[in-house]
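Enquirer: Here the protein sequences come in this chain order: A and H. Numbered according to the numbering used here, the first sequence terminates at residue 426, and the numbering increases by one at each position without gaps. Numbered according to the numbering used here, the second sequence terminates at residue 251, and the numbering increases by one at each position without gaps.
Among these hints, one or two may not hold up.
[What the hints assert, rightly or not] Here are the computed distance ranges between Cβ atoms for each label pair:
{"id": "1", "chain 1": "H", "residue 1": "Glu-116", "chain 2": "A", "residue 2": "Ala-412", "range": "16 to 26 Å"}
{"id": "2", "chain 1": "H", "residue 1": "Glu-114", "chain 2": "A", "residue 2": "Lys-51", "range": "48 to 58 Å"}
{"id": "3", "chain 1": "H", "residue 1": "Glu-56", "chain 2": "A", "residue 2": "Asp-359", "range": "56 to 66 Å"}
{"id": "4", "chain 1": "H", "residue 1": "Lys-124", "chain 2": "A", "residue 2": "Thr-57", "range": "49 to 59 Å"}
{"id": "5", "chain 1": "H", "residue 1": "Ala-137", "chain 2": "A", "residue 2": "Arg-131", "range": "41 to 51 Å"}
{"id": "6", "chain 1": "A", "residue 1": "Thr-71", "chain 2": "H", "residue 2": "Glu-114", "range": "32 to 42 Å"}
{"id": "7", "chain 1": "A", "residue 1": "Asp-358", "chain 2": "H", "residue 2": "Lys-134", "range": "42 to 52 Å"}
{"id": "8", "chain 1": "A", "residue 1": "Ala-412", "chain 2": "H", "residue 2": "Ala-137", "range": "17 to 27 Å"}
{"id": "9", "chain 1": "A", "residue 1": "Lys-51", "chain 2": "H", "residue 2": "Tyr-88", "range": "39 to 49 Å"}
[To be verified] In silico negatives: residues of chain H with every beta carbon more than 12 Å from chain A:
{"id": "10", "residue": "Leu-11"}
{"id": "11", "residue": "Gly-29"}
{"id": "12", "residue": "Lys-124"}
{"id": "13", "residue": "Lys-129"}
{"id": "14", "residue": "Glu-152"}
{"id": "15", "residue": "Gly-177"}
{"id": "16", "residue": "Leu-185"}
{"id": "17", "residue": "Leu-193"}
{"id": "18", "residue": "Arg-194"}
{"id": "19", "residue": "Glu-196"}
{"id": "20", "residue": "Thr-229"}
{"id": "21", "residue": "Gly-231"}
{"id": "22", "residue": "Tyr-243"}
Derived by calculation from the structure, the hints in this document are not laboratory data. Computed from a predicted structure; not experimentally measured. Don't be surprised by glycine CBs; every beta carbon is placed ideally from N, CA and C.
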Amino acid sequence: MALADLKQSATEARLAALTLPEGGCLSAARQAALSRVQTMGLPGRRDEYWKYTRPDTLTAAEVIKASVFVTDEEPMFSEFDRLKIVFVDGVYNAEASDDLSLEGVQIDRIADICCQDIHWAKDLYGVLEARGQAPVERPLAALNTAFAQDGVAIHVTGKPSKPINLVYVHSDEVSDAILHHVIRVEAGAEATILENGPAASRFNKCMEIDIADTGKLHLVRAQGRDHERRAATHLFARLGTESVFKSFTLTVNGVLTRNEAVVELLGDDAIAHIAGACVGDGEFHHDDTVFITHDAVNCESRQVFKKVLRNGATGVFQGKILVKEGAQKTDGYQISQSLLLDDDSQFLAKPELEIYADDVICSHGSTTGAIDEEALFYLRSRGVPVEEATDLLTLAFLAEAVEEVEDGDIAAAIVARLEGWLSRRR
Amino acid sequence: MLEIKNLHVKLEDEDKQILKGLDLTVEAGKVHAIMGPNGSGKSTLSYVLSGRDGYEVTDGSATLAGEDLLDLDPEERAALGVFLAFQYPVEIPGVGNMTFLRTAVNSQRKARGEEELSAADFLKTIRAKAKELKIDADMLKRPVNVGFSGGEKKRNEILQMAMLEPKMCILDETDSGLDVDAMKLVAEGVNALRDEGRGFLVITHYQRLLDHIKPDVVHILAGGKIVKTGGPELAMEVENNGYAGILAEVS
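Let the hints inform the model, and build the full structure from the sequences given.
Expert: Here it is, written out as structure tokens:
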């Protein structure tokens, strides 16, 4: 069978296992997304964009069993005052969730919006995802738009007093969750969204974020501690003039993770920071794929990704900065680094710059290395035991990424999780 | 305090013998200086005593207060009381100076079965000691040695020494890269630590550091051995006549 036919039959098998939600104001967006998937086909091993990460288990009709991680540890962000919205295996759980009313923000379930004829989310659902399909295709995101059963629409109109926490609980060993969120931040509004948990055995999540002029959004997520779970996530963001978007992702464990971020800076003086820290041991494949487009004057973008890998873990980074014609005074920065704690682990990086403006500053760097022996000896010579010294240096390596989290308390909570992960592996 | 007998050391990766039968005893309360030309093995001695990788001891012994040092890990030697002030203190981005020092102090206390220092006590002590060495609060907060001037790095070494209160202090060319004022400040810091229970081994090329840290005994190291031992006047002889004269005399 020809490659194209193989791809088509795999795509058809996957689509056959899903049911398209019908009716309501999102129906047209779902239909359009479905035809995008059918045209593109789901990603295959030969696709250039999937060169370093095998998509098979993310696209297969059958989901692979993943045991639920049992721990006494309080879930991430439990210590913070927050508005909690809980999904269990990808389904909204009203009992575990807080009341969705909060001043400065309107929150609706996607499942409810589906039944309505008019809703603001209609102008955003699937729109940024569709824009994000060029120049690189992202079929799993289109699949998500078409078939997502649940999710939330968050309309930020003011400055809510506490963060909104999307909690993704994994409870069924064989679960396949598809969630789609849309977030609109109005001019002058500002909010923090926290996400945590593995969500399901296999998680396909799509988040579309539209930030109006001067709006601000902070997004911090932790992808849970389950070892066997798989996740493909997409984040699409569109930024207006003087708006700010900062995203940080913490990944510990997980057999397969692909986090894509597609950001468009469309208004002058906008700022986008996308950062991530991951730590993996053994069966761990973690892929950050980022595409940032500068299409306005005097915008700033930062990509900071740090990966700590051991016992044969694999880290992937594909990051691109595209500076369009006229996007003068662009300040683009991209760094991806890995710390390999042994010879069996690997880091694959593909940094890209494509620049069509002549007055810009763009820098990028990618490194891979081991623990600095000089620094290790220095610490040990002061009495710090080798395991503790290694952990200190590992945390120091991750620090630049964690520093992207603006809220000091949240950053400290993330460092504490990383310390816990490291100390359990001594 | 420190007793080194017939120490033979070669590089691990190369067939190159560096120390060839070094004997040295540093008594508690005394300051011994080791001088010697480039390549005589001065830095190797400091690294071998503190436990750095890359060296192989082929013969001899080194003990601190009767405990064999050479089989121990660097952190174990530190807990026993060995401290090396580095010639080139290492920069560690991402690790705060204060965090580093508190971890070091408490790791050593833990290893010795002592109670860890509380955050409040630690802060009180470090502030007082930092002040004496003209180390400001900002330097304590910054990552270890990152962006420090040469003088600041050396002062930071002495601060660590003051906080860790080692039994045996080894100073490896602490004067390198220092101007006269900085050297005085560092020497004052070292002198403040001179104590009946503590030994010092000051490794230097030049006599000038010894103007400020007055040694009790001066050794000349050449070709991997101590070739001459004397009082402070020996340092003056080096200053006036260079090493050539002394080496010719002993050979």
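Enquirer: Now tell me if each hint is right for this structure.
Expert: Cross-check of the supplied hints:
no. : hint                              : in the structure
1   : Glu-116/H / Ala-412/A: 16 to 26 Å : 21 Å, holds
2   : Glu-114/H / Lys-51/A: 48 to 58 Å  : 55 Å, holds
3   : Glu-56/H / Asp-359/A: 56 to 66 Å  : 58 Å, holds
4   : Lys-124/H / Thr-57/A: 49 to 59 Å  : 56 Å, holds
5   : Ala-137/H / Arg-131/A: 41 to 51 Å : 50 Å, holds
6   : Thr-71/A / Glu-114/H: 32 to 42 Å  : 34 Å, holds
7   : Asp-358/A / Lys-134/H: 42 to 52 Å : 49 Å, holds
8   : Ala-412/A / Ala-137/H: 17 to 27 Å : 21 Å, holds
9   : Lys-51/A / Tyr-88/H: 39 to 49 Å   : 42 Å, holds
10  : Leu-11                            : 16 Å, holds
11  : Gly-29                            : 23 Å, holds
12  : Lys-124                           : 20 Å, holds
13  : Lys-129                           : 15 Å, holds
14  : Glu-152                           : 16 Å, holds
15  : Gly-177                           : 17 Å, holds
16  : Leu-185                           : 21 Å, holds
17  : Leu-193                           : 16 Å, holds
18  : Arg-194                           : 21 Å, holds
19  : Glu-196                           : 23 Å, holds
20  : Thr-229                           : 27 Å, holds
21  : Gly-231                           : 31 Å, holds
22  : Tyr-243                           : 29 Å, holds
Every hint from the earlier list agrees with this structure, and none is contradicted.
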